[in-house]
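Start from the sequences, fold in the hints, and give me the full structure.
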Amino acid sequence: MSRLKLYTAMYIVLFVLATVQALVEMTGMLETAYWTAFGIIMVLSFLKALAVAGYYQHLRWEPRSLTVLMTLALLAALALTGAASYSIL
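Straight run, no breaks: the sequence shown in our numbering ends on number 89.
Calculated from the structure, these hints are not laboratory results.
We put the CB at the ideal spot given by N, CA and C, even for glycine.
Errors might be hidden in some of the hints.
[Claimed, not checked] Quick list of simulated restraints, FRET-style, between CB atoms:
hint, residue 1, residue 2, range
1, E31, L66, 15 to 21 Å
2, Y56, A84, 22 to 28 Å
3, L6, Y34, 33 to 39 Å
4, K5, Y34, 36 to 42 Å
5, L66, A9, 20 to 26 Å
6, A33, L69, 20 to 26 Å
7, L72, A33, 42 to 48 Å
8, G28, L69, 27 to 33 Å
Take a look at the structure:
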């Protein structure tokens, strides 16, 4: 039963983070304060990716070396996303 509670809590966390991200995008903040909105969206995306990788892909129970490897891959993906954002302007 505790796994059901954990998965439900993670679902709620992911739902809230996605809702906040959508609200940032819908408020028009991207037109007025682009870099602030971009920073907020990147942080929220990072938190969602950590939650998915850590709990749904069970990295919590894997060897630390695999967790470090996945974290480095996540940071590389975020760096590429940040670099791609310069072409949007």
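Numbered hints the structure breaks, given as an ascending list:
As far as the earlier hints go, 1, 6, 7 and 8 are violated by this structure, in ascending order.
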